[in-house]
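Undergrad: Read off the chains here:
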Amino acid sequence: MLLSVRGLSRSFGGLTVVDDVSLQVEEGTAVGVVGPNGAGKTTLLNLLDGVLTADAGRIELDGRDVTRAPAAQRCRAGVGRTYQTPRPFSGMTVFENVLVGAVHGAGLRKGAAQRRALDCLGRTGLLPRANELAGDLRLLDRKRLELARALACGPRLLLLDEIAGGLTDAELPELIAIVREVRDGGTAVVWIEHIVHALLEVADRMLCLAQGAVLAEGDPAGVLADAKVREVYLGSSVEGLGGVAAVPAAGDGLPTGDGS
Amino acid sequence: MTDTTTPAATDATGPVVVRTTRASRAAAVVALPVVALLAALPYLVAPNITRLLVGLFTLVLLATMWNLLAGYGGMISVGQQGFIGIGAYAVLVADLIGVNPYLGLALAAVGAAVLALPTALLVFRLHGGYFAIGTWVVAEVYRLVTVEFRAVGGGSGASVTGLSVFPPVLRGAITYWCALGAAVLAVGGVYLLMRSRLGLGLTAIRDEPTAADSLGVRVRAAKRVVFVVAAAGCGLAGALIAVDSLRVQPDSIYSVQWSAFMIFMVVIGGLGTIEGPVVGAVVFFAIQQLLEPYGVWYLVVLGVVAIAAALVARRGLWGLLTLDRDVRLLPTGYRLRP
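Chains as they are written, first to last, in my numbering: chain R, 1 to 260; chain D, 1001 to 1338.
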């Protein structure tokens, strides 16, 4: 098991944001994480990535306890992540941004790091923007840059935080293809996404969080068909589920309608 | 959904990574003869000219170190005079124990670097304005501890006596070469540092510390290296001031005005560029020399220049000189050529 999480909890003040979450992810598989806004999805990712430290619980990466390890150390141990709100190195070029991941995250040397960075730019379609300052990019390219940087670290576990948010339907297949390719290459993927039909293209399993706790977990279609899941989703104003009816592959056993 | 693979960027005819610019290649051609000419100056001009240039080179060294700290490391320190003082006193100590004061220069750099390690442990617990004031407090502590030692003159300071064995002209020339070497080493060293993997990490930290952390950059270790290198450079500058003036006086060598001067030079010249602090040092030096006879007017002009630069040259004089076209004589980045 590449990632093994047991009883993970984190509170801010009196508010428990992640509540006793357990999760197992194998190499070459993808877990989709859904849940209404404020369910603790991003906090869970921050705990896995090391930007935040858990109050309780245990995180093992490849059998090694990394619960207290700082983010940089986890990255070098194989954890790559993207931020929901992109955090580019604004004063550096797109190529330099990606090179940071290749040099520091993957620990590659000069030539190898540059080839890795070029490869990741190519895969995410950012090559034409390579010399632009990252701070000048528009949102879609910033999202691509998040992914390219995370990939440059050569992750064994890739954590994606709403990487598809804001993308058009025409842009989605390209992104899905990249994530699938990464997963098929043996990387474990944990993907938070509101655009559920995108998730269904890749996710082998699905986890639904509500109020910090695991509401349902298992086969994606099964989780989305779950009455409790339908209730938390349909009770909130989340876009993704409205769109799933339009995607044939995602049509079975899913809540339909526009959420009203 | 078909598994469309994105176009490969790794084929043989792919883009090439370049790290030089036309300006940098020209600068490289010009730099060597210029440094050679500067090195030959003691044979060509009167000693009072080279004496003046020792002051300029020391300012270049100081500005370059403060830029490394603030412009690249994101650490706004107003306590570098602590390390300047330590460096100057290292020369006095070397003198006292019979070591050649010029060897004391190396001792000063090493001593300041060693002292920077525990200092970093302390001040790295602080951030932003607290870090700035904290470094100042530490510098004051250095001064207060220093004046407790009678052997180095207590509160009134002491003179460097070991250099009297050299004839004045030779002494002036050696000091000049040391100062020139230190300035070239500082500018060249920061250039190489910023081109290295550490430099890449530092620039990332400056722009987005959280993301840098997530991408595997050892944020704390990188900042510690910068803090130690900047301390060594300032220690060396303090030692140069001591061997040049032959006198160390605690209140002036530990004075916070050094920090003010460093900030002035870097901000005027251009923060976060390698060329900017050098330009800033030249401007500051010129103002200092031209207005020296006018007493307090010198500070008034400094203030006016600082305000003017803040208004019309937001990216410093280097940005103004290059018309904000990002011309780099010493480029640290990467460009892709298709």
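Keep in mind that the hints are not guaranteed to be accurate.
If we take Cβ atoms under 7 Å as the criterion, some of the chain R residues that face chain D in the derived model are [what the hints assert, rightly or not]:
#1 A69
#2 A72
#3 F95
#4 E96
#5 Q114
#6 P128
It should be emphasised that the hints constitute simulated quantities derived from the structure, not laboratory data.
By construction, the Cβ of each residue, glycine as well, lies at the ideal position given by its N, Cα and C atoms.
Undergrad: Taking the hints in turn, state whether each one holds.
TA: Status of each hint after checking the structure:
Taking 7 Å as the C-beta cut-off, the interface hint given for R/A69 is violated, the closest approach to chain D being about 12 Å. At a threshold of 7 Å, the smallest CB-CB gap from R/A72 to chain D is about 5 Å, leaving the interface hint in force. For R/F95, the shortest C-beta to C-beta distance to chain D is roughly 6 Å, which falls under 7 Å, so the interface hint holds. With its C-beta approaching chain D no nearer than about 6 Å, R/E96 sits inside the 7 Å limit, and its interface hint holds.
Using the Cβ-Cβ criterion of 7 Å, the hint placing R/Q114 at the interface with chain D is satisfied: the shortest such distance is roughly 5 Å. With a cut of 7 Å, the hint placing R/P128 at the interface with chain D is violated, because the nearest CB-to-CB distance is about 9 Å.
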